[in-house]
Amino acid sequence: MRSYLSLIPISVRVRRKQSLMTVICITLSVFLVTAIFSMADMGIRLEEANAKQKHGSWHILIRDISDEEAEEISARPDVAAFSVQDAINYNIKEDYYIGGKKAAVAGMNKTFLTDTFDYITEGRFPETDNEAVISENAKDIMGVNIGDSITLNTPLGKYEYTISGFEHDANTYMYDAVLLCLNMSAFDNVRISEGKSPAREYCYRFNKYINVRKSINEIKEQFNIPDENIGENVVMVGLTGFSENSVLQGMYITAGVLSLLILIAGVLMIAGSMNSNITQRTEFFGMLRCIGASKKQIIRFVRLEALNWCKIAVPIGSGLGIIVTWILCAALKFGIGGELSSIPLFGISLTGIVCGIFVGIITVLIAARSPAKKASKVSPVTAVSGNVKVKTHRSISAKFLKTETALGISHASASKKNLLLMTGSFALSIILFLSFSAIHDWTRHALNDLQPHTPDLSFASADLSCNITGELADNVNSMRGVKRAFGRGFKGDLAIDDYKGINKVDLVSLDDIQFEWADEEKWTKDSVGLERAYKEKNCVITVFDKDNPLEKGDKIKLGDDIAEIVCVFTDSPIGGGGNPTILCNEKMFARLTGETGYAVLDIQLEKNATESNISAIRSQAEANGFLLSDRRENNREIEGTYYAFTILVYGFIGIIAMIALFNIMNSISMSVSARIKQYGAMRSVGMSARQLTDMIAAETAVYTFCGLVVGLVAGIPINKLFFESFVTAYFGTAWEPPLAEVFISAVFVLIASILAVYAPSNRIKNMSVADTARSE
Amino acid sequence: MDLLEAISVSKTYGGGDTAVHALKDVSFTVPKGEFTAVVGESGSGKTTLLNMLGGLDTPTDGKVIIDGKDIFSMKESSLTIFRRRNIGFIFQSFNLIPELTVEQNIIFPVLLDYRKPDKAYLEELLKVLGLEDRRCYLPCQLSGGQQQRTAIGRALITRPSLILADEPTGNLDSRNSSEVISLLKNASKKYEQTIIMITHNRAISQSADRVLQVSDGILTDFGRCRE
Ligand SMILES: Nc1ncnc2c1ncn2[C@@H]1O[C@H](COP(=O)(O)OP(=O)(O)OP(=O)(O)O)[C@@H](O)[C@H]1O
Ligand SMILES: [Mg+2]
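Each protein sequence line maps, in turn, to chains C and G.
So the first sequence is residues 0 to 775, counted in numbering that gives the first Met the number 0.
So the second sequence is residues 0 to 226, counted in numbering that gives the first Met the number 0.
Same shape as in the complex, but just chain G:
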């Protein structure tokens, strides 16, 4: 069963002479539970694609269907709630709230949904992420890898079915990178989550279930790497 389906998505920035066609008629599907890597040169349109998939920005043309729902037919407010419950984001620059501790950062999305965090699940996450003894630390007291693991925790706490990550290892050294990636993979396997990740790292893209290449706004689906 496909979790995500993009149907001829196009995105054009600006207009007239300075128009940039960042995405050109992109279509693909991602089955549930798959780990997909997005590769491509700088400026090719990877981030633009991710923004469309997460509903952060609206495409000029085309549809994105997640879990059977056309996300751009939703109203802004219900899209926000849908995103809150179904999509987790991980950023290159971590984007943690500097005033909050690790634990508080992780449960923040749950609080935004006016729910009580599930204590047992939080403990489990902290353990899986290896942050048990760092739970009361502030982001500035953590290493880059630990910060990114916290961000992963924040993305996983709502048990989203889709995780979107834009170069999550871009700011990390190779040891930390592989640590973070394997964590993410294990977690997604455990909780049956679909991951779409932009990366420039060859090792990571090679270990992915599927690789999508974007070049100059055109997407090429290399299909499943390993059967």
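Okay, chain C solo, but in the shape it has when bound:
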């Protein structure tokens, strides 16, 4: 022994059982925070990987600058990678063909195809001017391979290339057309002979840990680039943490708030258990004071004693956190797959570990504050007299209650601090639950499960004219593997008489089944208006959009008719074009436009549809000159993300419930341990085990009641705040009192309290009377 503080590790070893609860509390907090931050970290890595795959690994894209300026920007020390691309016929509206298929032509440097985007799936970048990389679907459609030659037919000429590789571009995959990638000089040859002007796009990726926002502003200023010529890769910029994007910021805030709640929960739990621990050792601290320990020394002693628990708890907690993260990642990766399959499997998150350790230590230090003060205030007199004084200022009033009940209630309210701590820890469970349920609502709104209307395939006429005939639609509908085909007519830029500053609208028709879905999927809450638009003449619907001034009740002149807007869609999959969208039933559409066909035909497949069914549909579409897009992979990803989030959210609710249960049981058990000597004395003078249980139950009931009141009073406003800032702000749904959640949390707390009473009273019952009196 070198110092009085050497007593700590020795006494911890001996009193291991007593400190077990505290160690579990710390372990739990460290574990949770490590797991949350690790999962957030993995999520960010996943997003990064997916963002790279989907949107490319770049932060900004600049148009309309000279090559020299582009070079100059790329020479900046904060720029990590630079690439350039240009394209002709990217919207495949013009007559460029390869092997009879519509084709787009793109030019790029090597970085673009190999670093900024990881598109090459086979072969290599076209180094020479007569080589080309072609989109992967050409393999199936044209049966070509590396080394084969292909011919690009343009309105003005013909070009021959040798295939040097294949690429898979996630964005163009859906279209039934091919993409030809050339190096910059080969591309410029084509571009110049076709008489097109250049439309270069330069992509830049910044180094890690750079304040991207600042760099962007510097570049904008230095080169005088107007806002519309500079684009940001929102996801990538967001992942650097310097984003203005509010959804990502919301995520950060959520993670922060969650950790804060865990911190508070941890502090309350640990402070509670430490407090009762100190109460049990009053004599010891009195003795230390007697033999000359100063208050400061006692505070240091208690604090170090608490930190000493971290030595065991922190490694276990962070280890558990890492392992659970691995398990969750594996579950997401193999259980759901899709977009989530790029989640790292055995990733170790430094952020997670550091946050876990930080929260563990901070929790302990905060939690130790009040017990340490309490220990330092123990009067040295306690050591001399030997009898620990529990100060009771009031005598109990047993007039209306049974003595044991009155005793229990007086125990609960004897110490203000204890009552506060207990109420706090009960209330916290409820607050945690209520605030998390608001976040759950957010997920529900933000991520939709696949809804009934979701199509698997769709085909559209290239110019969105309504030339998919009803006959063709019926035909497709009756094909093998097709569950249902439904179409929409479209008439863009339909002129109307000037109204609220609008003179053009996009008119879209809905068929019966889509009207049904609109009701079922709550595209609008106004089912009366919807019904009118479906049945009545000259009743139309508009789609909510911040640039659309049209409102319910407005009357617009469509052709010769005056149409009334009877309903507004707030949450629909339709709309978003350049003009305000007006929806009407098919009859009205036919009358206004004279068209009976569809511009878009969506197809839902049977579960057992085979690939050959799909190729039959594809050839049917192609035979009629339409483009078929396959949405199945996309749908699977949406579904996967939805399930992943649902699992995560319910996982968290489960963990929170566990914390709450543990916390409540622990609190009661602690308060029983603190009084066990007293209980022993009561039993020895003839109190029955049953009366003892009643006494503990009465005490618990006081905590439960106060906790419920405080929890609801504090939790409901927090729920409202979260709901309004996460849900109302983005989706417009108004907050309603979370009655179901309140009910669930109340029932849960009640059940937990009953369990909490049962466990320790059982412990006392099983102890002999002498044991109870002796035990310390």
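Everything labelled a hint here was simulated from the structure, so no lab data went into it.
Do not rely on the hints blindly, as some may be mistaken.
Unchecked claim - Below, in silico cross-link-like pairs of lysine to aspartate or glutamate (EDC-like), each with a Cα-Cα straight-line distance of 20 angstroms or less: (1) 295(C) <-> 56(G); (2) 295(C) <-> 123(G); (3) 376(C) <-> 75(G).
Guided by the hints, dock chain G with the ligands onto chain C, whose structure is given.
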């Protein structure tokens, strides 16, 4: 020369109807090196008096002067250090730290003072206390007498000038009691220490240099028993 001087010390617990006047205007002096016994009925105020003398509790009125210093005029932190260096306590219920061995228990107060224990003095103490071969034992492995001897060692290690003991033999049988008392006496003689001890034991009070009797908060000084 007087080591300790109490000047009209009073202590009242509580107030109003339930006020307890535990000490009433107590004054006395104890010369250096004397062995003083405090006797009196249960509830008469002996422990209260001892608490005042050791600076564990503050009197309602009056002064306590130890070694020329008015202990209640000191700040809390300096009183702690003064107590650490000048006063040793021995309790009825031993109050040893159960996790520490005999030797560690004894040197604990020195560690609290951020000093290194004086090895030679420790050996000497262990020998005087007859605990040489028990130094590595835990308190639960010792008899009551041995435990109390350890507690005495702990009180002596800092070479305090004043030792306060509240019924140190209350939990011991008569053989162990007389062993402990003679040890304490020998030690105090050797190191010139003043002892004030509460006891119900007639034999012990009769062997004391001086007896103070407390009854109902009033102190009677019987003076030196043997000249
Ligand atoms: N903290 C306290 N609050 C109120 N009254 C107290 C307190 N401590 C002691 N007393 C009262 O002061 C009186 C003297 O108590 P004290 O402990 O000094 O007696 P004692 O002489 O040591 O008795 P015993 O021989 O039984 O130990 C008693 O009447 C007791 O009730
Ligand atoms: Mg006493």
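To see whether the hints hold, each was checked on the structure:
no.: 1; hint: 295(C) <-> 56(G); result: holds, 19 angstroms
no.: 2; hint: 295(C) <-> 123(G); result: violated, 32 angstroms
no.: 3; hint: 376(C) <-> 75(G); result: holds, 12 angstroms
Consistency note: the structure conflicts with earlier hint 2 alone.
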